[in-house]
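Enquirer: Chain by chain, the residues run as shown.
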Amino acid sequence: MTPKLPVTVIGGYLGSGKTTLVNHLLRNANGLRLAILVNEFGELAIDEDLIEAEEDDLISIAGGCICCSFGSDLTAALMDMATLDPRPDHVLIESSGVAIPSSIVNTVRLLDTFSTDGIVVLADAETIQQGVKHKYMGDTIERQLSDANIIVLNKTDLVNSETRQATKSWLNTEYDQASIVETTQGKAPPEVVLASFLERSHEASSHLETTQLDMFTLRPATPIDVEVLAKTLAEGNLGIIRAKGFATALDGEKILVQVVGKRWEISPATGNPEVGIVCLGFKETLNREILANIANHM
Amino acid sequence: MNPSNPTATHVAVRDGLILGAGSLEELTSWGEYQLDEQFADKVLMPGLVEGHAHTMEGSLWQKVYCGFFDRMDPNGKVWEGLKTIDAIIERLREAEAKLTDPDQPLSGWQLDPIYMNNERVTRGDLDKVSKTRPVAVLHASGHIMNVNTKALELAGLLKTGINHPGIPLAKDGLPTGELKSPEVMTPVGPHVGFERAMTDCDEAGLRDFAKLCIRAGVTTVTDLASQLNDEALEMMLRVTGEKNFPARVVPFRFFLGLTPKELVANVTKLQTHSTDRLRLGQIKIVADGSIQGFSARIKWPGYHNGAPNGLWYVTPEQLSEIFDLSLSADIFIHIHTNGDEATDLVLDTLEQSLKKQPCPDHRFTLQHCQLADAAQFRRMQKLGLCVNLFANHHFYWGDEHYKYTVGPERALRMNACRTALDTGVPMAIHSDAPITPLAPLFTAWAAVNRITASGRVQGEAEKISVDEALYAITIGAAYTLKLDGEVGSIAVGKRADFAVLEDDPETIGAKNLKDVRVWGTVQGGRVFAAADL
Chain A
1 MTPKLPVTVI GGYLGSGKTT LVNHLLRNAN GLRLAILVNE FGELAIDEDL IEAEEDDLIS
61 IAGGCICCSF GSDLTAALMD MATLDPRPDH VLIESSGVAI PSSIVNTVRL LDTFSTDGIV
121 VLADAETIQQ GVKHKYMGDT IERQLSDANI IVLNKTDLVN SETRQATKSW LNTEYDQASI
181 VETTQGKAPP EVVLASFLER SHEASSHLET TQLDMFTLRP ATPIDVEVLA KTLAEGNLGI
241 IRAKGFATAL DGEKILVQVV GKRWEISPAT GNPEVGIVCL GFKETLNREI LANIANHM
Chain B
1 MNPSNPTATH VAVRDGLILG AGSLEELTSW GEYQLDEQFA DKVLMPGLVE GHAHTMEGSL
61 WQKVYCGFFD RMDPNGKVWE GLKTIDAIIE RLREAEAKLT DPDQPLSGWQ LDPIYMNNER
121 VTRGDLDKVS KTRPVAVLHA SGHIMNVNTK ALELAGLLKT GINHPGIPLA KDGLPTGELK
181 SPEVMTPVGP HVGFERAMTD CDEAGLRDFA KLCIRAGVTT VTDLASQLND EALEMMLRVT
241 GEKNFPARVV PFRFFLGLTP KELVANVTKL QTHSTDRLRL GQIKIVADGS IQGFSARIKW
301 PGYHNGAPNG LWYVTPEQLS EIFDLSLSAD IFIHIHTNGD EATDLVLDTL EQSLKKQPCP
361 DHRFTLQHCQ LADAAQFRRM QKLGLCVNLF ANHHFYWGDE HYKYTVGPER ALRMNACRTA
421 LDTGVPMAIH SDAPITPLAP LFTAWAAVNR ITASGRVQGE AEKISVDEAL YAITIGAAYT
481 LKLDGEVGSI AVGKRADFAV LEDDPETIGA KNLKDVRVWG TVQGGRVFAA ADL
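So the sequence lines, in the order shown, correspond to chains A and B.
Counted from 1, the first sequence has number 127 at position 127 by the numbering used here; the numbering is strictly sequential.
Counted from 1, the second sequence has number 64 at position 64 by the numbering used here; the numbering is strictly sequential.
One or more of the hints may lead you astray.
Derived pair list, reagent style DSS-like, types lysine-lysine, alpha-carbon separation capped at 27 angstroms [stated by the list, open to error]:
#  : chain 1 : residue 1 : chain 2 : residue 2
1  : B       : K83       : A       : K133
2  : B       : K355      : A       : K135
3  : A       : K254      : B       : K159
4  : B       : K63       : B       : K83
5  : B       : K299      : B       : K382
6  : A       : K135      : B       : K356
7  : A       : K4        : B       : K77
8  : A       : K135      : B       : K299
9  : A       : K135      : B       : K382
10 : B       : K463      : B       : K382
11 : B       : K355      : A       : K133
12 : B       : K463      : A       : K133
13 : B       : K356      : B       : K77
14 : B       : K128      : B       : K171
15 : A       : K4        : B       : K159
Hints in this document: simulated from the structure, not taken from any laboratory.
All values reported here derive from a predicted model rather than from experimental measurement.
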């Protein structure tokens, strides 16, 4: 069985930095074949130096990545992605400024070939608090934030530290379903945005040292109640932004565990993967001690 | 429609244009003539202009008609409206029996459960039509589809555990067969004969649509949201250029899929391909959804049944950029706004654009604009906006608006034709075919009488007169297309376009306006009899 193709939705209102983030991910793709789906090719959809070739609705990008415009038919574009050869490793949907991310995810879930890898919503630190009060777009922006598993609070260098703190704590209160990651110039760490990067950095994790992030690989010593485990990772205040990996269930089956923000999901694993769940969190808050305890005693 | 010469016994035509209208004596002053008396016992009106329709109706008639109301197909056959699910199954069965290829899908259109106590069609119902071939019926709204078990199976949706607001599940955990939004229809569409890009008609569909125009007395018609890719453009140029193509088609390029700059560049280029019968170079924007689908953006107090506010399809920034670029490129735009909040957004945005770039005669038009209040009409007038109101909605969904969507008070003012005219907003009225049938005389009747399907008069104060309604379906609609100098009235120098009628709409009586019999049309001096189709 071919593993499902993971899909991440990148949402947020105009000017929040979605395009910059996408380009940042492409620059750091490191051999991961990303397929980016956008409503339409804006003038600056993809940085020019990354473009290898352009056709009507497809841009070929250095490193085997591509970018496609889907106009108003996302389902059709996704179905096309699944038949590409070589198949992309990960699909990113850069949603329009008025799109409701959860309805995009609902659509993705209908298609058996795909799995969902969470909703990442960008917020401009300078404007987000006015944004939710906008006469016309306010409730749309609120719906986008409410759908997020991870909120990337962008452009934090453009506000003073009080505003930054106040905005962050307001987001934490209003949208407590999401993990909040601060960044500047859209440069959110790739492992935060896509689980596929997380799996990769698991193999070579040295570059994390330069960031605000920390990583811990949880290897439960014995078979475990996977549902309880996944729930604990997602909701146990352990400082986890994302987690992905495999554990052995009490019945001996290998189970795939995925956590993004406070959302968790478990599903039967394909093949016989090595046990180990990579947990990504902030240096300051990732609770290695409890995680180590879980591995040994749960 | 020509006030200096409101009625005449004769009209002189030369080279497809009107040489004059008047008495035979007056017209003979032009010199030698051939007297054509074939319309001596008919009434000639200016060719009717439909300012909001979609040519895809032509293509839909290749499928089985499953609507509630009687409707005439392009070949003149009146399909009886179906009042029960059993009747729908029966008609689909009859069509199924005629198919020879066992794998060929069967599809129908124009289902509307609202008229059948909202009873839903299930996959079990459609399995009675066939268990082995995929079967689907599209709803009148175009946004919902019912399919049978085979179709679900082919699309990989016959499974439990689906969690999607657009896919209701039955007690057994499997989908009921109803697919409630365009994105859930896409995986099934190709298996049931509804291909992608449904809003564009095919070649046969365009010819069939033209037949419907003849039957409705229409000589100029919009195609109000087409993708107009190279292939579609080539096809439309070729078909409308055929010697006997009977209508002038005005397609509007749909705004999605291109950035504002690309859109305006694309449409500027399209303008250079324009011909007499294919008028290219306009843009259509959709700002929000539909009222009966609860996806329109409406102002406080929101939906009467408490449904959450609807969806935006455009951002203020995008709208503003398209307006700015179009005003400087002399391109005009028609904007779909169903809810009053969407109308406000367009008014605010256009006001800012016009401050930067005054344009005395832009003819930007609000399409549907069903919930606008008096203050919004006053702003439209100040900003030079036209409006094209959805008069047919009173009849088809007026009762639902009263009961569920917006409640009594706002239902009374929906599609406020009287207010528009009294405020001095240039106004047209429309069918949005295929949503409701292409028939401007019916649309005029709807605006004059405001009678709902259950027979109630809804919004007495917004009624207009027969003369005003006839103006709206001719020169009123032509004005919104910047074609009022060419069509819409019978006057010297204009196109020789006529609706040829058996009855006189000015004397038949307001209540009977929809029953005026159409003989056919004259378009550019060419005669098209409905009976010959």
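Enquirer: Take the hints in turn and mark each one as holding or not.
Expert: Consistency of the hints with the structure:
Of the supplied pair hints, the one linking K83/B and K133/A is violated, its CA atoms being roughly 47 angstroms apart against a limit of 27 angstroms. A distance of roughly 20 angstroms separates the Cα atoms of K355/B and K135/A; the hinted pair therefore holds under the 27 angstroms criterion. Proposed proximity of K254/A and K159/B is supported: the alpha carbons are some 24 angstroms apart, at most 27 angstroms. Distance restraint check for K63/B and K83/B: the Cα-Cα separation of roughly 18 angstroms lies within the 27 angstroms cut-off, and the hinted pair is therefore satisfied.
For the hint pairing K299/B with K382/B, the CA-to-CA distance comes to about 22 angstroms; that is within 27 angstroms, so the pair holds. With a C-alpha separation of about 22 angstroms, the suggested pair K135/A and K356/B falls inside the 27 angstroms cut-off, and the hint holds. At roughly 50 angstroms between alpha-carbon atoms, K4/A and K77/B are farther apart than 27 angstroms, so this suggested pair is violated. Proximity of K135/A to K299/B is assessed by CA-CA distance (about 11 angstroms); at most 27 angstroms being required, the pair is judged to hold.
Distance check on the hinted pair: K135/A and K382/B sit about 22 angstroms apart at the alpha-carbon level, within 27 angstroms; holds. As the CA atoms of K463/B and K382/B are separated by approximately 23 angstroms, the hinted pair is consistent with the 27 angstroms bound. The suggested pairing of K355/B with K133/A holds, with an alpha-carbon distance near 25 angstroms, which does not exceed 27 angstroms. Note on K463/B and K133/A: the hinted pairing is violated, with a Cα-Cα distance of about 39 angstroms set against a maximum of 27 angstroms.
Our distance criterion of 27 angstroms between C-alpha atoms is broken by K356/B and K77/B, whose separation comes to about 53 angstroms. At most 27 angstroms may separate the alpha-carbon atoms for a hinted pair to count; K128/B and K171/B meet this at roughly 20 angstroms. For the proposed pair K4/A and K159/B, the alpha carbon gap of about 17 angstroms is at most 27 angstroms, so the pair holds.
Checked against the numbered hints above, the structure breaks hints 1, 7, 12, 13 and satisfies the rest.
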